Amino acid sequence: MVKPLPLVVLAFASVLPLAGLARADEVPLHATIDRMIAEANLGIVAPIASDGEFLRRLYLDLTGSIPPSEVTRQFLDDATADKREQTINRLLESPRFSRHMASAIDVMLMERRAEKHVKHVDWQKYLYDSVSQNKPWDELCREILAADGTDEKNRAAAAFYFARDTEVNGITRDVGRIFFGMDLQCAQCHDHPLISSYYQSDYYGIYAFLNRGVLFTDKDKKVFYAEKAEGDVSFTSVFTSESDKTFPRLPTSFEIDEPFFPKGEEYDVAPADKVRPVPKFSRREQLAALATNGTNTQFNKNIANRLWAHMMGRGLVEPVDLHHADNPPSHPELLELLGDQFVAMKYDMKAFLRELALSATYQRSLDAPDSVAEQAKTIEPQIASLRSRAEELAIQVTEAEKAIRATEEEFNTARAAVNPIYDELTTANTAIGTTRKAADAGAKALADAQALQASTQSAFNTIAPLAATTKEAADKLKEAELVDIATKLQARADKLAGELAAATKAVADKTPPAQKSADALSAAKQAAEAIKLRFDAARAKVREVEPRLATARQNERSAARAKQLADDELQAAEAILAVAHAEQVAADKATVTQLYEVMRDQWGKRFSANRLEHLSPEQMAWSVMEATGVLENQRAAGEAEANKTLPLEPDKPADPARLAERNKLMEAYVYEKVKGNIATFVKLFGHGDGQPQSDFFATVDQALFFANGSVVQSWLNPSGNNLTARLNKLAEPPAIAEEMYISLLSRRPTEEEITSVAAYLQSRPEDKLNTIKEMTWALLTSAEFRFSY
Amino acid sequence: MKCSYACGTDEHVIARRQFLGGVAAGAGAVVGGLGVLAAPASATQLVKDQKRVLVVNMAGGLSQLESWDPKPGTDTGGPFRAIPTAVPGIHICELLPETAKQMKHLSLVRSINTKENDHGKGGYAMFTGRRQTPAADYPRLGAVAAKALSPATSSLPGHIVITPGGSGGRGSDSAYLGPKYSSISLGDGKPPQNTERPASISEQSELARQAFRRQVNDRFAMRRRTAMTDAYTANYEQALELMKRREIFDITKEPQQDHDRYGSHDFGRHCLLARRLLDSGVTFVQVTHSNYDTHNENFNFHIEQVGEFDSPFATLVADLADRGMLESTLIVVLSEFGRTPNINQNYGRDHWGTAWSICLGGAKIQPGAVIGKTNDNGTAVADREVDHGHLFHTYMQAVGVDSSGTFDVDGREMPIADPAASPISELLA
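Just so you know, the protein sequences line up as chains A and B, in that order. If you're matching positions, the first sequence starts at 1 in this note's numbering and goes up one per residue. If you're matching positions, the second sequence starts at 1 in this note's numbering and goes up one per residue.
Read the hints as simulated data drawn from the structure, not as lab findings. As the structure is a computational prediction, the values presented were derived from the model and not from experiment. Glycine included, each C-beta is placed from N, C-alpha and C at the ideal position. Check each hint, because a few of them may be wrong.
What the hints assert, rightly or not - If you only want the chain B side, here are some residues facing chain A, beta carbon under 8 Å, derived:
no., residue
1, 134
2, 137
3, 157
4, 174
5, 193
6, 194
7, 197
8, 199
9, 205
10, 208
11, 220
12, 226
13, 410
Said to hold, decoys possible - Under 7 Å between C-beta atoms, here's a sample of chain B residues computed to sit facing chain A:
no., residue
14, 170
15, 213
16, 228
17, 235
18, 239
19, 325
With the sequences and hints as input, model every part of the structure.
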């Protein structure tokens with residue numbers, strides 16, 4: 001791969017009060033992250049965020065809420081060197097972390113779709129329990145991707161498919177987007193018109209894992225996502241009218257090999273009325289297994305990138321569902337490393353998030369250094385070489401594209417040879433089905449005849465000796481009655497002899513056709529076997545080219561990526577130079593700030609400074625309730641409840657398991673009490689069901705809800721130990737200002753802000769409570785509250 | 001360095017494209033930029049030129065035979081006569097005498113075949129111009145109109161749905177266009193939720209808290225100001241603006257004689273409210289008249305329902321014409337489907353997407369036209385068959401939107417209307 005030019009490698013030494021848990025001889029992941037981000041820096045790096053800024057950010061990312069005021073106050077006053085690391089560790093073990101991550105995963109996977117066949121609370125509990133147990137990501141995905149609803153314990157995992165009506169195009173798109181970071185929607189009807197590396201065959205590769213799924217309702221009206229053993233996938237481009245077939249294939253991987261089952265032998269449980277079919281080979285299980293076995297790098301990079309975006313506010317690839325060559329990661333090698341490391345960490349989300357939180361990259365401030373003149377001096381001499389490098393790389397991209405073409409042609413030829421043989425195999429398998437019917441019928445006729453022959457023989461064997469003996473007796477004794485019986489027995493024996501002869505003939509007649517049809521079945525199977533050998537040979541040829549094609553494609557991707565990165569770097573460098581130049585010639589303030597903003601945007605993309613991100617609807621709900629003291633009051637009630645159900649045992653040594661259980665109980669108590677409020681915020685601040693949920697939007701009903709709605713107004717009334725009650729008890733304006741700013745914005749007020757608060761209080765001293773409520777409202781509705789920074 | 005001015009970054013470029021608001025304007029990481037609020041003086045001019053849409057949703061499925069496509073004297077025709085209208089040659093059902101007088105402003109499409117007999121799916125097709133599939137959701141007509149036509153500077157919601165009941169709130173009907181274009185419903189014609197300042201907050205308190213909010217925001221903007229922070233802070237100003245203009249939702253401000261003309265029943269009041277909203281510059285207003293799902297006693301129900309519809313609707317059409325607003329306002333009277341020519345044993349008519357009609361007019365719709373026809377007893381389309389896709393294209397073209405264009409949603413090109421369909425060009429002036 002082509003390595004981007006290390007343009008400006010400034011000595012990057014920021015001393016952080018952090019230490020990893022890694023062995024001494026091993027560089028912890030967070031340090032590697034910082035090194036790789038630093039190597040790509042363009043001279044300017046924001047300082048490490050202040051304690052208040054860090055704490056607010058960390059609480060929002062790990063617990064989904066701003067910190068409680070008491071926690072903030074203690075943290076700000078705490079002089080312990082490793083307090084950041086301690087807080088990270090503590091939060092990761094808190095029940096609020098489980099709740100928040102479960103909610104984030106829920107929104108990511110379901111995008112607020114309505115429940116179907118699985119209750120939403122069951123699905124949420126499934127996710128909450130999974131995060132609580134720190135279930136690895138691969139295991140969670142295996143359960144979700146393989147789900148058919150039959151596993152009683154994990155039936156909720158099927159909600160991903162159920163909520164999408166198990167409609168194959170819908171789930172194909174979302175499996176691609178959510179688990180592989182590739183939105184292949186536009187490749188459903190043709191190769192993607194805008195993204196050169198998204199092929200129609202990519203879309204149908206995933207589709208082929210899923211198109212055999214059927215919704216099955218049992219006699220108790222319970223619904224399952226069953227699977228059939230048949231259903232091949234072919235597709236036609238609406239642009240070129242070219243058609244092709246595909247076997248199941250994961251993105252960036254190759255078609256899978258499947259066992260061949262002669263028609264009639266492909267099911268463990270054959271489909272029938274009110275019978276849920278169970279195929280011998282489940283493609284859906286293959287999807288779950290192959291995606292999560294650690295070897296699919298796209299699956300690994302997708303989740304590493306999404307967890308990165310969860311913490312950093314922006315993916316290394318952004319948007320997170322558009323991984324492709326023309327939208328390369330801002331730091332490609334870092335993303336590769338993160339994907340691999342996440343696998344090495346056994347897909348442990350908690351451990352991975354911990355490393356991200358420990359990194360200096362995560363802890364950068366929103367603010368950047370004041371002057372860029374120094375940095376510009378370093379950059380200036382390199383700008384020419386950077387330009388020529390971008391041009392040089394453009395040529396390399398063209399060459400890589402050329403190189404890929406020959407291999408692609410070879411691959412296409414080999415691949416094209418497979419389809420007709422597969423058609424033959426399908427025809428042969430249909431013939432097996434037909435001959436199997438004849439063979440089954442022939443065998444049954446023969447078996448019936450044989451059974452009749454046997455029963456006739458048995459009857460004859462019983463009667464014939466009896467007739468002979470009776471005749472003997474009759475001849476000897478000459479009794480009329482006896483003679484009569486002997487005659488009748490003989491007649492019966494004669495009739496049976498005739499029947500036996502007929503039955504024997506029938507057996508003889510039916511044997512050759514039975515044999516013939518059995519032979520025909522064997523022949524059909526043999527014919528299929530022979531074709532299968534040719535099919536395997538053709539597939540082997542394809543597989544022989546595959547690694548070479550993979551390499552060629554990798555080279556092409558690398559070249560395109562390097563080119564894109566060089567362009568980005570050039571852009572970023574030029575942005576810095578533009579600012580430096582404007583400062584130098586003392587351009588007007590507006591121009592300088594404009595250019596400065598362009599440059600800041602570049603830093604955010606390169607993770608040199610923190611970015612401003614909006615709170616999710618859930619974060620907004622929890623934060624408003626935390627700030628106003630709704631949660632404080634609920635926590636007190638929750639603790640009282642826990643004291644009844646699981647009291648502390650002051651006489652015994654502390655039992656960590658008991659404490660953890662108490663914490664879970666208390667958190668669950670609060671959650672149950674406030675989840676209605678969260679739903680209100682989701683309705684206001686969330687996108688529609690089934691839509692991507694990440695974009696920021698502001699609608700008037702949100703502002704009106706805050707301005708005039710009864711919910712927020714009631715939270716601003718003093719009650720228990722809530723915020724306005726606490727503030728109202730304070731006498732001195734600086735104390736009021738401090739409590740207000742710590743509670744709402746997780747930081748102490750500046751002198752200027754204290755003065756403003758004092759002036760506000762002073763304007764209507766007789767109306768103290770209202771002035772407090774008004775200022776609280778104003779901070780609650782401020783941009784600083786609405787965003788994470 | 002402190003920042004006091006914002007532009008030039010990706011975020012801002014995207015936001016600026018959004019402020020433009022029009023067709024093919026970009027949506028990106030930020031949705032809901034507002035820009036500068038309109039000064040009331042310039043708003044007047046905007047209102048006059050701005051294209052608007054009024055939809056009357058005849059919920060449940062209006063019978064085409066008892067409205068726009070009567071077949072008197074046939075086995076399917078039912079008991080009602082057809083009457084002449086202001087346009088020579090066009091006859092409609094005798095239940096619509098007032099509307100008949102306004103026919104010079106209106107047109108009919110009598111050859112709709114949506115092949116859809118399900119309420120939900122039929123409504124979806126008519127409001128999105130596409131068939132419903134689980135794989136993708138499409139924005140409703142109101143959301144598309146709001147996105148394409150609403151002035152960037154408007155402080156009013158662009159997509160309003162007046163419903164007979166309900167408590168109001170934001171709908172989930174804008175799909176990928178985002179919540180900014182979702183419907184705000186006015187339950188029973190009541191103003192949007194939370195538009196009135198609670199009595200517990202004095203005017204003095206309101207002024208003081210808003211001033212403090214602005215001061216706090218200004219301080220933060222010195223540290224960081226982006227399109228998102230702008231959109232968020234401006235949102236509170238827009239809310240104040242809307243509160244100030246709350247009386248546009250209040251039809252008691254309309255003269256008594258207009259109340260008399262429109263009638264005191266729900267539909268009459270809602271039509272008057274629709275007029276008031278369109279007058280005030282709201283882009284899309286939908287009035288619902290319910291319920292036409294007449295599986296039983298179709299004829300008695302239609303006497304009652306269409307009778308209630310006729311006069312307020314005709315009054316509204318006449319008023320829009322008088323005020324010079326018809327050139328800019330598209331009117332559509334639609335349903336999810338029509339009703340069967342066959343009369344069932346309960347004297348009812350059932351669901352029928354096969355051959356039915358809508359009425360439309362205003363904007364660039366050719367007045368006094370009839371598009372297509374059904375056969376003699378209305379059991380099939382006989383000429384110029386169209387479906388929901390053609391209609392949706394036609395609505396867009398009628399308000400000056402290139403229906404073959406696309407919306408740029410986060411870098412993804414989304415066709416405004418189904419690319420497989422086309423407008424009914426002969427209906428467009």
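- Message: To test your reading of the hints: which numbers does this structure violate?
- Response: Checked against the structure, the hints that fail are numbers 8, 19, while the rest are satisfied.
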